[in-house]
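**Q** Chains S and D, in that order, are what the protein sequence lines are. Take the first sequence: its letters are residues 0 to 249, numbered as in numbering that gives the first Met the number 0. Take the second sequence: its letters are residues 0 to 249, numbered as in numbering that gives the first Met the number 0.
Just so you know, not all the hints are guaranteed correct.
Remember, identical chains collapse to one label, so a pair may be satisfied in a single copy or spanning two.
Said to hold, decoys possible - Listed next, the in silico DSSO-like pairs over lysine-lysine satisfying Cα-Cα at most 27 angstroms (straight line):
| # | residue 1 | residue 2 |
| --- | --- | --- |
| 1 | Lys167 | Lys35 |
| 2 | Lys249 | Lys184 |
| 3 | Lys93 | Lys57 |
| 4 | Lys229 | Lys3 |
| 5 | Lys184 | Lys35 |
| 6 | Lys167 | Lys180 |
| 7 | Lys200 | Lys249 |
| 8 | Lys167 | Lys229 |
| 9 | Lys50 | Lys249 |
| 10 | Lys93 | Lys235 |
| 11 | Lys134 | Lys213 |
| 12 | Lys35 | Lys57 |
| 13 | Lys193 | Lys167 |
| 14 | Lys93 | Lys249 |
| 15 | Lys93 | Lys134 |
| 16 | Lys35 | Lys3 |
| 17 | Lys200 | Lys180 |
| 18 | Lys35 | Lys50 |
| 19 | Lys134 | Lys226 |
| 20 | Lys93 | Lys167 |
| 21 | Lys167 | Lys249 |
| 22 | Lys37 | Lys93 |
| 23 | Lys213 | Lys167 |
| 24 | Lys200 | Lys57 |
| 25 | Lys184 | Lys167 |
| 26 | Lys200 | Lys184 |
| 27 | Lys167 | Lys200 |
| 28 | Lys134 | Lys229 |
| 29 | Lys134 | Lys249 |
| 30 | Lys229 | Lys180 |
Please keep in mind that the hints were generated in silico from the structure rather than gathered at the bench. Just so we're clear, the structure is a prediction, and the values are computed from it rather than from any experiment.
2 protein chains.
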Amino acid sequence: MTGKLYVIGVGPGDPELLTLKAVRILREVPCICVPKGKEEGQSLALSIAQKAINLDGKEILEAYFPMVKTRESQESGVNSQGIKKISVNGLDEKWDEAADAILNKLKSGTDVAFLTIGDPTIYSTFFYVHERLVKVSPCLQIVFIPGISSINASAAAAGTSLSLADEKIAILPATYIEDIKDTLKEFDTVILMKVHRVFSKIRSALRELALIEKTIYISRAGMDEEKIFKNLDDVKDEDLNYFSLMIIRK
Amino acid sequence: MTGKLYVIGVGPGDPELLTLKAVRILREVPCICVPKGKEEGQSLALSIAQKAINLDGKEILEAYFPMVKTRESQESGVNSQGIKKISVNGLDEKWDEAADAILNKLKSGTDVAFLTIGDPTIYSTFFYVHERLVKVSPCLQIVFIPGISSINASAAAAGTSLSLADEKIAILPATYIEDIKDTLKEFDTVILMKVHRVFSKIRSALRELALIEKTIYISRAGMDEEKIFKNLDDVKDEDLNYFSLMIIRK
Numbered sequence: 000m001t002g003k004l005y006v007i008g009v010g011p012g013d014p015e016l017l018t019l020k021a022v023r024i025l026r027e028v029p030c031i032c033v034p035k036g037k038e039e040g041q042s043l044a045l046s047i048a049q050k051a052i053n054l055d056g057k058e059i060l061e062a063y064f065p066m067v068k069t070r071e072s073q074e075s076g077v078n079s080q081g082i083k084k085i086s087v088n089g090l091d092e093k094w095d096e097a098a099d100a101i102l103n104k105l106k107s108g109t110d111v112a113f114l115t116i117g118d119p120t121i122y123s124t125f126f127y128v129h130e131r132l133v134k135v136s137p138c139l140q141i142v143f144i145p146g147i148s149s150i151n152a153s154a155a156a157a158g159t160s161l162s163l164a165d166e167k168i169a170i171l172p173a174t175y176i177e178d179i180k181d182t183l184k185e186f187d188t189v190i191l192m193k194v195h196r197v198f199s200k201i202r203s204a205l206r207e208l209a210l211i212e213k214t215i216y217i218s219r220a221g222m223d224e225e226k227i228f229k230n231l232d233d234v235k236d237e238d239l240n241y242f243s244l245m246i247i248r249k
Numbered sequence: 000m001t002g003k004l005y006v007i008g009v010g011p012g013d014p015e016l017l018t019l020k021a022v023r024i025l026r027e028v029p030c031i032c033v034p035k036g037k038e039e040g041q042s043l044a045l046s047i048a049q050k051a052i053n054l055d056g057k058e059i060l061e062a063y064f065p066m067v068k069t070r071e072s073q074e075s076g077v078n079s080q081g082i083k084k085i086s087v088n089g090l091d092e093k094w095d096e097a098a099d100a101i102l103n104k105l106k107s108g109t110d111v112a113f114l115t116i117g118d119p120t121i122y123s124t125f126f127y128v129h130e131r132l133v134k135v136s137p138c139l140q141i142v143f144i145p146g147i148s149s150i151n152a153s154a155a156a157a158g159t160s161l162s163l164a165d166e167k168i169a170i171l172p173a174t175y176i177e178d179i180k181d182t183l184k185e186f187d188t189v190i191l192m193k194v195h196r197v198f199s200k201i202r203s204a205l206r207e208l209a210l211i212e213k214t215i216y217i218s219r220a221g222m223d224e225e226k227i228f229k230n231l232d233d234v235k236d237e238d239l240n241y242f243s244l245m246i247i248r249k
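Next up, chain S with everything else stripped away, as it sits in the complex:
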């Protein structure tokens, strides 16, 4: 009997934003696989879950995924196992390793929970591991438990609606400023992810488009250090981080 894999979104940081289902499954499974962005220190997803529920006695598998840029389009190719190569800087090998470790556990009949921050279907690296798992074992039982994404948590923290009636929402990384200008014309709400590296550029563009007063910047939504900026000129360098986004509501 192969074990079942649960992919669980633990929400953005506030342990109270775990769902009842996430808590129940974490109580039941003997083994938890957690992603880590740094080799040292603890997994953020694990630390969120541990604040909600006692995980003493569970086996913890750590999967180390260095936070480097993936380059799907530029670097596509196929690796030795016939799996589409989608990364540089050794990420493939890390994902292969994580998939192997999870498969070993499942094959021994153990149920495993894989934790992701936020929601597992929104910008979660789990899907790189998923591709490997289903390639090797197409019949695995994989159950996704949705979580509160940073997008929902940010809108809630800012007290703003993202959409009403027939409105349209776009969610995109703040990478290409020209794309953003076009998108802002077509959509009622635009959510910019990964905005910390290009913050000044985006702010200038929004000022030029007369949208700066319709923009909210939220840093670390749902975490202890959550900050909400309705005036982008108040944002300081220390407020720029990976866990931040902008909501532009026209």
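The hints should help you fit chain D onto chain S, whose structure is shown.
**A** For chain D alone, coordinates are given in the frame of chain S:
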């Protein structure tokens, strides 16, 4: 002392998808305001919450919002209280009534929870009430508790990622087929809401665009009757309903 208003997303239907925070606040507040789409019968949001937590002894305020089309663009105007008129068919009056009932409770010092299905910031009618509340009482304490939206629940049920790396997501009502064609060119993932009334048209358009095999239709995600269709030709009339959406993943 004015009471505090909590706006709580109860998720898409599965009572286990309530967050710990939603459950705690529902235990604490003495009064719960629940929206209803029909005058008879029970509120869906309330029935979801009641499966997760015993609400006996709580005061329940029912707010009846008929499910008619809002026409923000065509029918804008200003009502007698200076609030932008955004609906037809008597919805304004219903929202005014709900706002009044909530304000009366808050002014008596009672904390109130307003329940929404899914997440309160995604296509939730609460914001029509919100506009009225802040107009009359700008200093109200309103706390939003995010919930699992039908979008996250649908992607989880279908086991599909909505976005990876630098991908772009669009969420839009299936109202204007031409918009959808343009959006499909620009975005990696398109989520079509309110698709049940135009299902055949959309299916034909997706076939024409050679995207039909990249599309999943999910009916009643996170509810007991959840159904997932990876082949749109299997969808029958009885599978078309308000609680359904399409995920097109290119």
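**Q** For each hint, tell me whether it holds in the structure or not.
**A** Cross-check of the supplied hints:
1. Lys167 with Lys35: Between. Shortest inter-copy distance 24 angstroms satisfies the 27 angstroms Cα cut-off; intra-copy 34 angstroms does not.
2. Lys249 with Lys184: For Lys249 and Lys184, both the intra-copy (9 angstroms) and inter-copy (23 angstroms) Cα distances are at most 27 angstroms.
3. Lys93 with Lys57: within (23 angstroms within a copy, 51 angstroms between copies)
4. Lys229 with Lys3: between (44 angstroms within a copy, 22 angstroms between copies)
5. Lys184 with Lys35: Classified as neither; 38 angstroms inside a copy, 35 angstroms across copies.
6. Lys167 with Lys180: both (15 angstroms within a copy, 14 angstroms between copies)
7. Lys200 with Lys249: within (19 angstroms within a copy, 29 angstroms between copies)
8. Lys167 with Lys229: Close inside one copy (22 angstroms) and across copies (24 angstroms); limit 27 angstroms.
9. Lys50 with Lys249: neither (37 angstroms within a copy, 38 angstroms between copies)
10. Lys93 with Lys235: Close neither inside one copy (35 angstroms) nor across copies (43 angstroms); limit 27 angstroms.
11. Lys134 with Lys213: between (45 angstroms within a copy, 18 angstroms between copies)
12. Lys35 with Lys57: Within one copy only: 17 angstroms inside a chain, 43 angstroms across chains, cut-off 27 angstroms.
13. Lys193 with Lys167: both (21 angstroms within a copy, 12 angstroms between copies)
14. Lys93 with Lys249: between (41 angstroms within a copy, 26 angstroms between copies)
15. Lys93 with Lys134: This pair counts as within: shortest intra-copy Cα distance 16 angstroms, inter-copy 53 angstroms.
16. Lys35 with Lys3: within (22 angstroms within a copy, 38 angstroms between copies)
17. Lys200 with Lys180: within (12 angstroms within a copy, 30 angstroms between copies)
18. Lys35 with Lys50: within (17 angstroms within a copy, 36 angstroms between copies)
19. Lys134 with Lys226: between (42 angstroms within a copy, 25 angstroms between copies)
20. Lys93 with Lys167: between (37 angstroms within a copy, 25 angstroms between copies)
21. Lys167 with Lys249: both (11 angstroms within a copy, 19 angstroms between copies)
22. Lys37 with Lys93: Only inside one copy: Lys37 and Lys93 sit 12 angstroms apart there, 53 angstroms across copies, limit 27 angstroms.
23. Lys213 with Lys167: Close inside one copy (16 angstroms) and across copies (21 angstroms); limit 27 angstroms.
24. Lys200 with Lys57: Neither way: Lys200 and Lys57 sit 46 angstroms apart in one copy and 51 angstroms across, limit 27 angstroms.
25. Lys184 with Lys167: both (11 angstroms within a copy, 16 angstroms between copies)
26. Lys200 with Lys184: The answer is both: 18 angstroms in one copy and 26 angstroms across copies each meet 27 angstroms.
27. Lys167 with Lys200: Both: 24 angstroms inside a chain and 19 angstroms across chains, each within 27 angstroms.
28. Lys134 with Lys229: between (46 angstroms within a copy, 19 angstroms between copies)
29. Lys134 with Lys249: Classified as between; 19 angstroms across copies, 43 angstroms inside a copy.
30. Lys229 with Lys180: within (20 angstroms within a copy, 34 angstroms between copies)
In summary, the numbered hints that this structure violates are 5, 9, 10, 24.
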